[in-house]
Amino acid sequence: MTVLAKMRTWLDERLELDDLIAPLRKKTVPLHRLSYWYFLGGITLFLFIIQVLTGILLLLYYRPGANQAFESVQYIMTQVQFGWLIRSIHSWSANLMIFTAFAHMFSVLFLKSYRKPRELTWVTGVILLVLVMGFGFSGYLLPWNTLAFFATKVGTDIAGQVPIIGHPIMIFLRGGEEVTGATLTRFFGFHVAVLPGLVTVLILFHLLFVQRQGMSVPPKVEKEWNANPSAKRELKFFPNFVLRELIAWYTGLGVLGALAALFPWNLGVKADLFASAPAGIKPEWYFLFMFQTLKLIPSKVWFVDGEVLGVLIFALAGLVWLLLPFFESDRVARSKQWITGLSVFALAYVIAMSVYGYLAK
Amino acid sequence: MAILRNKFRQFGTASATAALSLLVLAAALSYGQTKNSCLDCHSVLPAPQGVTQETFSQDIHAQKGLTCVSCHGGDASSDDPDKAMSTKAGWKGKIDRKQIPQLCGSCHSNPVYMRQYNPSLRTDQLDQYHTSIHGKRLAAGDTKVAVCTDCHGVHNLRAPSDPRSSVNPVNVASTCAHCHADAAYMKGYGIPTDQFAQYNTSVHHEDLMVRGDLSAPTCTTCHGNHGAVPPGVDKVQNVCATCHVFQAQMYDKSSHKAAFEAASLPGCVVCHSNHAITHPTDAKLGTGPEGVCMQCHTRGDNCDQARAGLLSGLTQLDQAIKNADQSLAVAESAGMEVSAARMEQNQARDSLTKARVAIHSFRKDLVDQDVQAGLKIADKDLKAGQQAMVERNRRRAGLGISLLAIAMVLAGLWLYIRKIER
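As you go down the protein sequences, you meet chains A and B in turn. Be aware that the first sequence starts at 1, since it is given in the numbering used here, and climbs by one per residue. Be aware that the second sequence starts at 1001, since it is given in the numbering used here, and climbs by one per residue.
Keep in mind that the hints were calculated from the coordinates and are not lab data. It should be emphasised that the depicted structure is a prediction, and the values quoted were computed from it without experimental measurement. Incorrect hints may appear among the rest.
[As the list claims (entries may be wrong)] List time: in silico DSS-like cross-link candidates among lysine-lysine, alpha-carbon distance up to 25 Å:
| no. | chain 1 | residue 1 | chain 2 | residue 2 |
| --- | --- | --- | --- | --- |
| 1 | B | Lys1419 | A | Lys236 |
| 2 | B | Lys1419 | A | Lys26 |
| 3 | A | Lys232 | B | Lys1322 |
| 4 | A | Lys270 | B | Lys1322 |
Chain A extracted, bound-state conformation (with noise of 0.2 Å):
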């Protein structure tokens, strides 16, 4: 009995480890044409893993407050060993997380994964969402740079337009009228304990929900099967499916390496606090679609307020999106359509915002 062995006798005598592992063993995946997107949303939580370890070893240097965020960041990136890796790696790790999950979302959309019985499991999708953007706004403040610094003007600035809690909000968020050094002690808070922690939770809870129920089989597939039996296929989960999640997150390593040497992320100039805004700010590309959105709405509609019409329009938008698989049943065929009608539409025209967004002056 080699060492190995020895230690797994010895622990599953005491944890009954089999037993816990006999499910995973059972647990088979799908197999067919279109099983290349269940890969998304694991490379999205292994985005998630680097993004907790680079932040841990990030925490070691950084420190929050106005005389000294720009300066510690600094010190990580050109004196600490590797220091320009970690956070090269974290902040291209924190924009192609955003870009698995939008892109995992849609997929699960188009597959049609969203329905009875995992509405539970999309409904803490579009949280957990919500909260990655929430990462990305709280940490793009952290380096207190000037692009930084008046992109969370802007965006806290938005936020206080929705009405009766609109402002309470933004002070709450700026912790006072302005962004100040107050902001970024707190935005920091946000990013490294309260987000983690929801995240973390609800994370937990999605990946309970996706053991206990499956993975789903889009419709046409399933159709097929129904049609001609001896057509389906199954895999085993463990090992594998996760063997090729391993290679998944193995090229998405490669894939993280490769940036974050070929184009290190850019420090920027330290905020300045009385300086005007630099022409032509704009926020980081996940937001772009709404900020363009709101450009774009005329300063008065009807005698509603332009920007707080279009901040109530995103948030019953965002209800409608949270909501989305109560709205499908399987009785009426219109409302699947619609649906897809829906999602459709709303891709395109998520691109086409965000590309307009960056092109515009």
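Could you slot chain B onto chain A? The hints should help.
Same frame as chain A, but now just chain B:
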């Protein structure tokens, strides 16, 4: 009963408030209707007698409560022109040009009177005016020279801080040019009339009008305003020194000062000119068309050699800064973090500025101190840029090795999957 009394008291308070309001309203209306019969006629008269209420209301004197009578005398309360403009009522009519400085001075030279309007305003303008070329010529009977109203305006006179004022810093040069750039008007005075055209090409004009620096020099900064005179040849450096302090200190200790004074040469102006003063470049120390040293010195003499040494120091530092900038820009475009070195480059640039100031001492040892300090920083920053590129290459090599390792793991995983699924 008590309630009733309170009600009466309330009524009493209300009626007293109403009566007081009426009183204030009546006073305000009567104030607004203070009689000024002068404007009744003069507002419809053509220039120069014409003065409208609108024009006069913008005059700082009108805003402080003064009226036509304050300068012209007479009785503005009478509708009868004969009474209003009677000598009996003290009417002075149109003020004679010769009398204008004295008339203005009757208030503006009185500190006690002026204190009630503007305690910080100087009251020596008239005394200064008497010492000016304008004042002296006026006293000698030349009425073409400038008097108070020529520069400050009349009937719509504004505070100098008002950008619309003819004596606001941005308008001073045009105000002076009104006469001094008019060749026909200035004929007979024997002074050039191209100062304004020259000033418009100068670095001072650019600072004031383009960059909006209101402290930048205009005519009055160097010549004085009420006591305007051309600075004497030997006093030019004192005028320039009011702003260019360090240059003046260096020049005062230099061998050039005594030499220029002995040759009756006007200090700073010899190299920098006066009204058309341009942004100085290092080429001034050269032997090309912009060079100034060879106006007096001979090629190959000791001074020429010293000049070449000074120029070489400045050129060397300037080039070193450019090289470091370029090196850092290349590193930056490769995504490397070199902002600390970028910041240090400002110190190198400061050293170059200090070296250029030290040129006014005409001492190589002093100039070299700043040049060497700047070279040290620029050299360090150049190396920082080069080091960043070495680091960039090292990162790429590291990436290559890592990708190779990852590719091997991926191949291993793929082979293992094939093996277990066979």
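Checked hints:
1. B/Lys1419 x A/Lys236: Judged against 25 Å, a Cα distance of about 14 Å means the pair holds.
2. B/Lys1419 x A/Lys26: holds, 20 Å
3. A/Lys232 x B/Lys1322: violated, 70 Å
4. A/Lys270 x B/Lys1322: Status holds; Cα separation ~24 Å.
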